[in-house]
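Here my numbering is used: the first residue of the sequence shown is 55, the next is one more, and so on.
The set of hints was computed from the structure by calculation and includes no laboratory data.
Just to be clear, a hint being listed does not mean it is correct.
[Said to hold, decoys possible] FRET-style restraints, in silico, Cβ to Cβ:
no.	residue 1	residue 2	range
1	Gln155	Gly82	34 to 44 Å
2	Asn136	Met163	35 to 45 Å
3	Gln155	Ala67	28 to 38 Å
4	Leu159	Gly82	13 to 23 Å
5	Ala145	Phe113	17 to 27 Å
6	Met141	Ala67	22 to 32 Å
Just so you know, even glycine gets a beta-carbon here, dropped at the ideal spot from N, CA and C.
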Amino acid sequence: MARLSTRVCVTLAGVVVSAALAAAQGTGATGEQFLRAVIVGYETSTRIGEAVMPSHYNFWHTTGTVGSFGAAASAATALRVNHEQFMHALATVGTFAAGLQQAFLSQAMSKPLHGGHAADAGVLAAILLAGATVLLVLEIEKAARRSADTPRQLL
55 MARLSTRVCV TLAGVVVSAA LAAAQGTGAT GEQFLRAVIV GYETSTRIGE
105 AVMPSHYNFW HTTGTVGSFG AAASAATALR VNHEQFMHAL ATVGTFAAGL
155 QQAFLSQAMS KPLHGGHAAD AGVLAAILLA GATVLLVLEI EKAARRSADT
205 PRQLL
């Protein structure tokens, strides 16, 4: 499940599944919604990867770059956003995507961070432009239910 396409050369499981799980847990998504988010994330990153490979891999680590788009797509899907919000999340994550091939040659141990950063960037993009209001409303509702100070008519 890690690599669906040998032409893309990107490890997606840790990036896409992590982002989908974080967003799904935050909204109480069902198992079906979670799986749909994973599938959309895989499909999105695979298509983008096929469009830019193989030359992209000469300088960039695709897990960090292409994986970011898959993470944003999976998180936005799990957040159940509309089409416009979904596209904004993808556009925003493009500015976050990173991962230099030089990391493979150095002893800095930064290569393993590319996947984690990609997942984080995807979720952040989805929340900032796609799901911020959804998450904010959920958190306000949870806090209101737990507070003895909240008048019952507001719940």
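Hints, one by one, checked against the model:
1. Taking 34 to 44 Å as the suggested C-beta distance range, the pair glutamine 155 and glycine 82 conforms, at roughly 39 Å.
2. Distance hint check: the CB atoms of asparagine 136 and methionine 163 are about 40 Å apart, consistent with the given range 35 to 45 Å.
3. Our hint of 28 to 38 Å for glutamine 155 and alanine 67 is violated, since their Cβ atoms are close to 21 Å apart.
4. Separated by about 44 Å at the C-beta atoms, leucine 159 and glycine 82 break the suggested range of 13 to 23 Å.
5. Range check, alanine 145 to phenylalanine 113: about 22 Å between beta-carbon atoms, so the 17 to 27 Å window is met.
6. A hinted range of 22 to 32 Å for the beta carbons of methionine 141 and alanine 67 is consistent with their spacing of about 25 Å.
The structure is inconsistent with the numbered hints 3 and 4, although it conforms to all the rest.
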